[in-house]
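Given the coordinates of chain A, assemble chain B onto it according to the supplied hints.
Same order as they appear, the protein sequences are chains A and B.
Residues in the first sequence are numbered from 10 upward in steps of one, following this note's numbering.
Residues in the second sequence are numbered from -19 upward in steps of one, following this note's numbering.
FYI, nobody ran anything at the bench for these hints, they're computed from the structure.
Where hints are given, some of them may not hold.
Unchecked claim - Looking from chain A toward chain B, a few residues come up when the C-beta cut is under 8 Å (computed): (1) PHE48; (2) ILE191; (3) ASP194; (4) HIS195; (5) ASN197; (6) ALA201; (7) LYS212; (8) PRO216.
None of these values were measured; they are calculated from a predicted model.
Ideal Cβ placement from N, Cα and C applies to all residues, glycine included.
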Amino acid sequence: MKKSITLSTNLTTGFERTNSVRFSATLTWLGSAIKAWTFTFLGFSLLTILWYMFSKITNGGLPTPLATSQVFWELIKDPFYDYGPNDKGIGLQLASSLGRVSSGFLLGSLFAIPVGVVMGANKFCKKLFYPIVQILKPVSPLAWFPIGLVAFESASMATIFIIFITSLWPTLINTAFGVASIPDDHKNVAKAFGFSKWKYLTKVLIPYSLPHIITGLRLSIGVAWLVIVAGEMLSGGIGIGFFVWDSWNALSLEKVISAILIIGIVGLLIDKGFSLIEKKVTYSV
Amino acid sequence: MVLDKNKTKMNYLKIENMEVAFQSAKGKFIAVREINLEVEKGEIVSIIGHSGCGKSTIMNAIAGMTFPTSGRVMLNGEQVKGPGPDRGIVFQNYSLLPWLTVYENIYEAVDAALRELSKAEKKQTVERYLRMVNLWEHREKYPKQISGGMKQRVAIARAFAIDPEVLLLDEPFGALDALTKASLHIELLKLWNLTHRSKTIVMVTHDIEEAIFLSDRIVVMNNGPASTIREIEEVHLPRPRNKKETVNLPEYIAVRDRMLSLLMDKVVIDEKDFYKEEAAA
Chain A
10 MKKSITLSTN LTTGFERTNS VRFSATLTWL GSAIKAWTFT FLGFSLLTIL
60 WYMFSKITNG GLPTPLATSQ VFWELIKDPF YDYGPNDKGI GLQLASSLGR
110 VSSGFLLGSL FAIPVGVVMG ANKFCKKLFY PIVQILKPVS PLAWFPIGLV
160 AFESASMATI FIIFITSLWP TLINTAFGVA SIPDDHKNVA KAFGFSKWKY
210 LTKVLIPYSL PHIITGLRLS IGVAWLVIVA GEMLSGGIGI GFFVWDSWNA
260 LSLEKVISAI LIIGIVGLLI DKGFSLIEKK VTYSV
Chain B
-19 MVLDKNKTKM NYLKIENMEV AFQSAKGKFI AVREINLEVE KGEIVSIIGH
31 SGCGKSTIMN AIAGMTFPTS GRVMLNGEQV KGPGPDRGIV FQNYSLLPWL
81 TVYENIYEAV DAALRELSKA EKKQTVERYL RMVNLWEHRE KYPKQISGGM
131 KQRVAIARAF AIDPEVLLLD EPFGALDALT KASLHIELLK LWNLTHRSKT
181 IVMVTHDIEE AIFLSDRIVV MNNGPASTIR EIEEVHLPRP RNKKETVNLP
231 EYIAVRDRML SLLMDKVVID EKDFYKEEAA A
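Bound conformation, chain A alone (with noise of 0.2 Å):
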């Protein structure tokens, strides 16, 4: 099971090792980080070979890699000037971008989570509620915009809505699927013993299903990172989906490629954030 992460390390650190072992084993990380590296490396220098191919057949419609990383050092030198409403730095961009991927995060997983709890934990509440999850899931949060619209009468926390929506699904059935499959086994201990409601929720129930919550926010916050794009292309004002349709209105490719390589590296860093504290709830079997 890929659960045995966490603890086999706190094993090996457990153990009095002598400073050569210490020393090879970090010798054979580097290794592996340096080759991981390398691999990273040489892709991106096939992609940007054939990117300067297909710049130079359209005649400059792509723009070549030299002048896209221009304009990318340009962004990225001074990223939060501030010339009034139409003309910010993309620190600020994307500072507002996460912002509201944040919030709409935030108050989804609040909601999501205590129903999938409940989902996962009462039978008669799933058959309730999982028809009309599985009716809302595959609609795209795009479309509850015109009713984030009326509801706030403004189109950033219109923005903020159909975060929260998307935000919902991943972790509702993630963490109603982690409840459900608790073992016997487990809840015979907390029988056996009288467990309290209050500790069965707490040393059981929530332990058990934790490294499934944290999937299902794994991938809610993976597809609202996917959907502040589009939906702030909708809303306009500020934030990095802003920034890609004004670039594209200035006619400026350089800087929507930019846009999109900053855009691809935050959501890595996000990922991996949460596949970090994916590895620290996980428990070992």
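Below, chain B without anything else, positioned relative to chain A:
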């Protein structure tokens, strides 16, 4: 409730004409029926039989995890209506919570079952029982970091730590190798002695030697479904029992013989089968 002391002792744990049935896709499935059993306080009773004979069903009914479809289980003069801290259970597959350390596994059980104790008293209790099973040094480890035998010692310590009147052991040593099993038998009897042989132990097993070595009486089950008690065998071996000496006593050999004939009567190698094989070869 005022009861005649002697009477309480005799009818301490009583199963009266019990039947347990389950609803299955094919209809009603009777697991056990006509179960009558009286266990004295401080007695060790084993229930033995082939797989699927409803041993665990009887155990679960005493534990309050399943309910009889007719008849009843009486403990200390009161009908069993659900699980309770007066009965400590050692599960077949240890059932330790993998996200808790050895210490926490016992602490949480003690905390839940003995609510009237102070925090310090609870900690003392956990330490005492962890020391009894020689696992105090391993208290910070997680279940996956210790061996099967150690896990089962944690489970036994957990069951003893809540100071139950009855201990229910569901094939407790089934998954262990023979040597570990033998040392855990001694360990179990030690714990039983340390608590002044006051705890009643009901154990489900499919190991004849284990049943004889530990028990005062052995309940032999018929094969399922709808199994009944076939015979109750008394074991008059002196205590304290010592593995090496006990197994050579004539009483031990006699009981084992009787048990083998009860449980193994279908498993006979006929000489004719032997000749047939030889001819085929």
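- Task: So, PRO216/A near chain B? Judge it on the closest CB pair being under 8 Å.
- Result: 4 Å, holds
- Query: Per the CB criterion, is ASN197/A less than 8 Å away from chain B?
  - Reply: At about 6 Å, which falls below the 8 Å cut-off, the nearest Cβ of chain B leaves the hint on ASN197/A intact, so it holds.
- Query: Is the interface hint for PHE48/A satisfied, with its Cβ closer than 8 Å to some Cβ of chain B?
  - Reply: 33 Å, violated
- Task: Classify the hint on HIS195/A as holds or violated, based on whether any CB of chain B lies nearer than 8 Å to its CB.
- Result: Result: holds, 6 Å to nearest chain B Cβ.
- Holds or violated: is the Cβ of ALA201/A closer than 8 Å to a Cβ in chain B? Given a least distance of 4 Å, the restraint on ALA201/A holds.
- Message: Take the shortest C-beta to C-beta distance between LYS212/A and chain B; is it under 8 Å?
- Response: 5 Å, holds
- Task: Closer than 8 Å between Cβ atoms is the bar; does ILE191/A clear it against chain B? Give me holds or violated.
- Result: Since the shortest Cβ distance to chain B is 11 Å, the answer is violated.
- Message: Quick check on the hint: ASP194/A CB to chain B CB, less than 8 Å?
- Response: 5 Å, holds
The structure fails to meet hints 1, 2 from the earlier list, while all remaining hints are met.
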